[in-house]
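Sequence order for the protein chains is L and W.
Okay, so the first sequence: first residue is 1 according to the numbering used here, each after it adds one.
Okay, so the second sequence: first residue is 1 according to the numbering used here, each after it adds one.
The hints are simulated quantities; they were obtained by calculation from the structure and are not laboratory data.
Bear in mind the structure is a predicted one, so any value in this text is a computation, not a measurement.
One thing to keep in mind: the hints can contain errors.
It does not matter which identical chain is meant; a pair holds if it fits inside one copy or across any two.
Stated by the list, open to error - Derived BS3-like pairs (lysine-lysine); straight-line CA-CA distance at most 30 Å:
1. K144 x K161
2. K169 x K120
3. K120 x K56
4. K161 x K16
5. K169 x K16
6. K16 x K56
7. K120 x K144
There are 2 protein chains.
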Amino acid sequence: MEKDVEEIVRQSNLFKDVDPDIFTQVMDSSLPRSVEEDGYFFMQGDPATHAYVLVKGRVKMIQITPNGQQITMRIMTPGQTYGGIALLNPQAGYPATAQAVEDSIALAWDTARLRELVEKDPSISLNVMELMHGYISELQERQKALVTDRVEQRIARILLKLAAQSGRKIDEGVLIDLPITRQDIAEMSGTTLFTVSRTLNEWERGGLLEIGRERVVIRDPHGLVSIADELVER
Amino acid sequence: MEKDVEEIVRQSNLFKDVDPDIFTQVMDSSLPRSVEEDGYFFMQGDPATHAYVLVKGRVKMIQITPNGQQITMRIMTPGQTYGGIALLNPQAGYPATAQAVEDSIALAWDTARLRELVEKDPSISLNVMELMHGYISELQERQKALVTDRVEQRIARILLKLAAQSGRKIDEGVLIDLPITRQDIAEMSGTTLFTVSRTLNEWERGGLLEIGRERVVIRDPHGLVSIADELVER
DNA sequence: CGCACCTTTGAGCTCGGTCAAGGGGCGTGG
DNA sequence: CCACGCCCCTTGACCGAGCTCAAAGGTGCG
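Modelling step: build the complete structure from the supplied sequences, incorporating the hints.
Right under this line is the structure:
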């Protein structure tokens, strides 16, 4: 297990390509932090004091609107980094809330440690920039989808993305290996749980999916792609 | 004029707080680039070879969807930076297209120069991160608006933002000092030019605005804020 | 003064949100 | 092991914000 954790961190997008000598210091200065299902690593607006690398479980980044509505930005899998903003002046707040979808374990580094490490190996700050760049692209992608795509397409895209990062191949197709509710999918695609329910059922009737309580199996990924790309007329 | 340019760059969000000695090198290694109205500094997807600091004019960052639809991400004013992604491996493409709204002049630095400069003063890379962080917050804000706000609110927010960064106080109120069409506003708020036209006219009837061809004057900013924040019932 | 482009206005329609009601799986406690 | 209750999911009815399309009026520039 210990060994696995180190391997995950070595391949994480925050510390990949770090000099092996420095890497031992990275591991030494890490603080383990575990959060159980539905718990929080941090809340939107909290001062950004730590950067995290997830080593076990699933963590979702969410934003909560003034009126209590919620939108889900992304779901992190082991090896991914969140809170990398901590490298900046800690007066900057986290831009989103990090909530555990299942019992999860992460390693954390505080701002001061992080800066020491960056000084020893500047490639870390390049990694942070790459991270942020990827995040920006993703946000732009989603924004474009919100403006130009119909709900159906957005839901299809979300399912495909979930399958790509948390999919497990089984006999019937690709199982999305997460306890995910219709509400969750709605929050990710910017719609309501009713519309998601209707859409998924329609797709099940069409043989594209197989659905159950907190469970989605994609039987025909190619069909979903067609929908996502609007290759199928309304 | 020369003097002004230097001052703008010194206060730009890319090179602020740079060591004065290094700053002269910054200026020495800059490449001026001017683009006339409707011209492009770079297109989305082009390899990110240069970072720019706008010194004169207005530049908008846009994204074009597969079917030709267009969304406007933001409008830059002098002192602002775009293309800061160039610090990363240049294989990364620009995430958006930079188009001049009016005749514009910018200073440019290529990836290699930028990296030299960063090595001499690492605070530049912190600046880039702050830039990216600000950009991320902005994108998240917009995304939240797209999911939860009605069109009316989004249009109000766009007008307020434009007024904040390009507003000029005149007798009748705050003039948005840009040649901006209904179509432009639609692209910024994620709606259609028809809806924008109707909405602006309604507001003019209500005394909130004064509108004309490619011209908007805000007479009652506070009223707009009320709409943006949904303080006014439908 | 003509043409290109920006803008307005109307009519119709549809997507998807809202609300209400009820079905069904699963874990917990008796 | 059963049953109760919680939570997740489905389905129907309704409706309204905003998109689409068509047509025509302004306005400013060359």
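Cross-check of the supplied hints:
In this assembly of identical chains, the alpha carbons of K144 and K161 lie at most 30 Å apart whether taken from the same copy (16 Å) or from different copies (20 Å). With identical chains, the CA atoms of K169 and K120 are never at most 30 Å apart, being 42 Å at best within one copy and 50 Å at best between copies. Only within a single protomer do K120 and K56 lie at most 30 Å apart by alpha-carbon distance; the minimum there is 28 Å, versus 39 Å between protomers. Taking the shortest alpha-carbon separations for K161 and K16, only the intra-copy value of 23 Å comes in at or below 30 Å, while the best inter-copy value is 39 Å.
When the C-alpha separation of K169 and K16 is checked against a cutoff of 30 Å, the pair qualifies only within one copy, where the shortest distance is 28 Å, while the shortest distance between copies is 51 Å. When the C-alpha separation of K16 and K56 is checked against a cutoff of 30 Å, the pair qualifies only within one copy, where the shortest distance is 18 Å, while the shortest distance between copies is 40 Å. Proximity of K120 and K144 under a CA criterion of 30 Å is satisfied in neither setting, with 39 Å inside one chain copy and 38 Å between copies.
Checked against the numbered hints given earlier, this structure breaks hints 2 and 7; the rest are met.
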